[in-house]
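*Asks:* Given next are the chains, with one letter for each unit.
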Amino acid sequence: EPEVTQTPSHQVTQMGQEVILRCVPISNHLYFYWYRQILGQKVEFLVSFYNNEISEKSEIFDDQFSVERPDGSNFTLKIRSTKLEDSAMYFCASTPDRGRTEAFFGQGTRLTVV
Amino acid sequence: AQSVAQPEDQVNVAEGNPLTVKCTYSVSGNPYLFWYVQYPNRGLQFLLKYITGDNLVKGSYGFEAEFNKSQTSFHLKKPSALVSDSALYFCAVREDGNNRLAFGKGNQVVVIP
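Read top to bottom, the protein sequences are chains A and B.
Note that the working numbering gives residue 106 to position 106 of the first sequence, counting from 1, and the numbers run on in steps of one.
So the working numbering is basically just the index in the second sequence, starting at one, shifted up by 1000.
The hints are simulated quantities; they were obtained by calculation from the structure and are not laboratory data.
One or more of the hints may lead you astray.
Said to hold, decoys possible - Pairs of lysine-lysine, DSBU-like flavour, derived with a Cα cap of 35 angstroms:
(1) Lys1077(B) x Lys42(A)
(2) Lys1049(B) x Lys78(A)
(3) Lys83(A) x Lys1077(B)
(4) Lys57(A) x Lys78(A)
(5) Lys78(A) x Lys1069(B)
(6) Lys83(A) x Lys1105(B)
(7) Lys1058(B) x Lys83(A)
(8) Lys1069(B) x Lys83(A)
(9) Lys1058(B) x Lys78(A)
(10) Lys57(A) x Lys1058(B)
(11) Lys1077(B) x Lys78(A)
(12) Lys83(A) x Lys42(A)
(13) Lys1058(B) x Lys1022(B)
Claimed, not checked - Covered stretches of chain B (in silico footprint by chain A; criterion: 3 or more residues with CB under 8 angstroms from a CB of chain A, positions within the stretch not fixed):
(14) 1016-1023
(15) 1063-1076
(16) 1095-1107
Where a beta carbon is used, it is the ideal one built from N, C-alpha and C, also for glycine.
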């Protein structure tokens, strides 16, 4: 069964450093997403991406965040200058279309900012 | 704005007994409703969805959920719980025409042998 894969599974970084989280969405999917889950809290939407541009973003997704699809398979989330409060589990997801289909989630990357 | 409420933090149930996890939602348009399950150190795994049609939807692992428009609810149910059903369950809603999923805070289900 096709799946969304994320690397690394765990990333530890120092405050102020840049991190790139990587995702390989399901190959025939067209919409890509990043969500995050701070420990003990709900899963929050960050951004959606379609046709090589951001289609929607939340208020969390400020200027320190960016997304990119550098090639035909990878989808990345970059956090430019990490803060302690960026520590969370980051989930990548993809869907083949916009509305009715369930999102397929990756295993997540646990980001720890120290 | 779309939102989801899962009123209980933890649901304890004895193995073999019926399991219910509650969810209510708020959207301004037509809702697309989803249930996901999360096992420890794992991603979100899709269980079932309501898009349109029959209010009772059946999903993976014997789970089902009933869409109730008047009560704006989408409770998850399983007639006979297994110990292996112990996990974190998330209800989510997407509004028609919208990309983002709004999640509830999740319910920890503990099935007692």
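*Asks:* Hints the structure violates: just list their numbers, smallest first.
*Replies:* 3, 5, 7, 8, 9, 11, 14, 15
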